[in-house]
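Novice: Work the whole structure out from these sequences, hints included.
One-letter residues, chain by chain:
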Amino acid sequence: MSSSMVFAVTGVLLFAIGLAGMLIAAHLLRKVLAFNVLGSGLFLVLVGLPQRDGMADPVPQAMVLTGIVVAVAATALALALLRRLHALTGATSLPRDTDA
Amino acid sequence: MPESVAGLVLIPLTWAGLAFALGPGRGGRAALAGLVVQGGLALQLAMAVNDRRSAHVAAGGWDAPLGIELAVDGLSATMLLLTQLIGLSLVIYARAYFGAADPERRYFWPLVGLLIAGLNALFITADLFNAYVTLEIVGLAAVGLVGAGGEAQRVGAALRYLFATLLGSAFYLLGVALMYGAYGTVSFSSLAPLLTAEMSVAVLMAGGLMLAGLMIKSALLPFHGWLPPAHGSASTPVSALLSALVVKAAFYLILRLWLDLFAAQAAPLAWLPALLGACAVLWGSWRAITAVRLKMLVAYSTVAQLGYLFLVFPLLAGAAAMQAVVMQIVAHGLAKAAMFAAAGVLVSASRQDRVAGLQGMAHHLPLTIAAFALAGVTLMGLPPSAGFLAKWLLIQSAFAAGQWGIVAVVLAGGLLAAVYVFRVLRQALMEAPTARPISPVPRTLEWVAFALAGASVLLGFRAGDLLGLLTPGVPG
Chain E
-4 MSSSMVFAVT
6 GVLLFAIGLA
16 GMLIAAHLLR
26 KVLAFNVLGS
36 GLFLVLVGLP
46 QRDGMADPVP
56 QAMVLTGIVV
66 AVAATALALA
76 LLRRLHALTG
86 ATSLPRDTDA
Chain G
12 MPESVAGLVL
22 IPLTWAGLAF
32 ALGPGRGGRA
42 ALAGLVVQGG
52 LALQLAMAVN
62 DRRSAHVAAG
72 GWDAPLGIEL
82 AVDGLSATML
92 LLTQLIGLSL
102 VIYARAYFGA
112 ADPERRYFWP
122 LVGLLIAGLN
132 ALFITADLFN
142 AYVTLEIVGL
152 AAVGLVGAGG
162 EAQRVGAALR
172 YLFATLLGSA
182 FYLLGVALMY
192 GAYGTVSFSS
202 LAPLLTAEMS
212 VAVLMAGGLM
222 LAGLMIKSAL
232 LPFHGWLPPA
242 HGSASTPVSA
252 LLSALVVKAA
262 FYLILRLWLD
272 LFAAQAAPLA
282 WLPALLGACA
292 VLWGSWRAIT
302 AVRLKMLVAY
312 STVAQLGYLF
322 LVFPLLAGAA
332 AMQAVVMQIV
342 AHGLAKAAMF
352 AAAGVLVSAS
362 RQDRVAGLQG
372 MAHHLPLTIA
382 AFALAGVTLM
392 GLPPSAGFLA
402 KWLLIQSAFA
412 AGQWGIVAVV
422 LAGGLLAAVY
432 VFRVLRQALM
442 EAPTARPISP
452 VPRTLEWVAF
462 ALAGASVLLG
472 FRAGDLLGLL
482 TPGVPG
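Protein sequences appear in the order of chains E and G. Letter by letter, the first sequence follows residues -4 to 95 of the working numbering. Letter by letter, the second sequence follows residues 12 to 487 of the working numbering.
Only some residues are given here: those of chain G computed to face chain E with a beta carbon under 7 Å:
| no. | residue |
| --- | --- |
| 1 | Phe140 |
| 2 | Gly161 |
| 3 | Val166 |
| 4 | Ala181 |
| 5 | Ala188 |
No wet-lab data here; the hints were simulated from the structure. Quick caveat: nothing in here was measured; it's all calculated off a predicted structure. Each residue gets a CB set at the ideal place from its N, CA and C atoms; glycine is no exception.
Specialist: In structure tokens, the structure reads:
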């Protein structure tokens, strides 16, 4: 197995673990952490898969930097919202969908 | 030409930054001024597109493989015009809607600026990765707008929305990573010739992942669960912006990828989005008919109306299908902004948010009820509204393609829309004393709702100009 495939397969596995965490975990903090695991897997695929003659391709590294900024911003927003929810209701998981 | 393209992104960023610097709750006037200029730029761009076919701009003078490529064609020019028009109307609405002490108002202006900058950037982008960045800007700004104000219900809805939108963009970005791994480029113009009929499994997976991610973001059934709580519990100007524009952004990207990149390979799969769209039309309408709260009714109507957009994929071989989908985007954008604006007036005036509590409102707020009814005319698809034209074109292309199922869904959707619109109107027109004393509402709110609703109906008369944008050079 070439090194780019090792990176890609590891990345996809991390993505799958994170995805499962986001869907299954009820605790909001776990969901946020799972999102970060998923994001790391994603970035590993993005950086590791494209290689030119055994050398890493620089363009996706620039993309991943942008992706990391987005992930940090999203994590911060999620943490702010869940702290607010916890302060208001004491809940650590999403409230049941009410309405109709 | 490059100036107006750049201006559409830089101007909203500038007034967003200015509003943030001025402090909480300030910056509405800057937003208004900025949006007037942006509207002019979008109009200028649309006229330029109408004369020549399309325009490419290399940002900063760097060309496609390294730099960020921007492109404007008829579809993007239409989306840009719609965004500035609805943005401008809702900014006028929001200035009158928020009281001086409303907590929702604190960071409204900076977030709206970011949202509009992100939308404009998405509509002019011509590479897969740049599209991801703009999607995230739009998504994060929209989540912030939903959560602003901060009571528990809203924060819960914002979190649910945040997780859905992050999941959607994660799938999309994984698809982009596979595309880059396969071809070493993310620019539309370099990818298009590479994507021939012979595609590797990795590329098909990439297409599937991107489509799935964008379907989550555009709230197609069965991924619609996040939309009604987010749109139903946000403050009214935010609900209107989200329903009219933000969900269309993800749909726009699906359409763009489908047409520009995957046209040949995706055709055999076109029944899948269409089937989900048909289910969305029926299920969304049904939930709107049974909704208890007025804003939830309008939000579920969005789920249904988005379904129509996805019906178009099996018909894209015919020319009328593209016109139908653009007409539906514009008609629904205007009508849904109007309907949320009217619903906001009804909720603040009657000081409650249940459909059952609206009796006698027509007597006190005739203009608002008229706006709601006109927006309803567009959603039902009655002539002469733009919604009628959209559905007419859709039915026409379904006939031409022999897709009888789609004809049936469009007709059934129109009838179901009539049921939920008349449910509200019947209650409002009832000659009965109102449940609680009416609180006064600024007239501006009523007039904005009415103007948007009127535009969604009157557009039916000027449709030729709009549709002419899609086929530049041919007189409309």
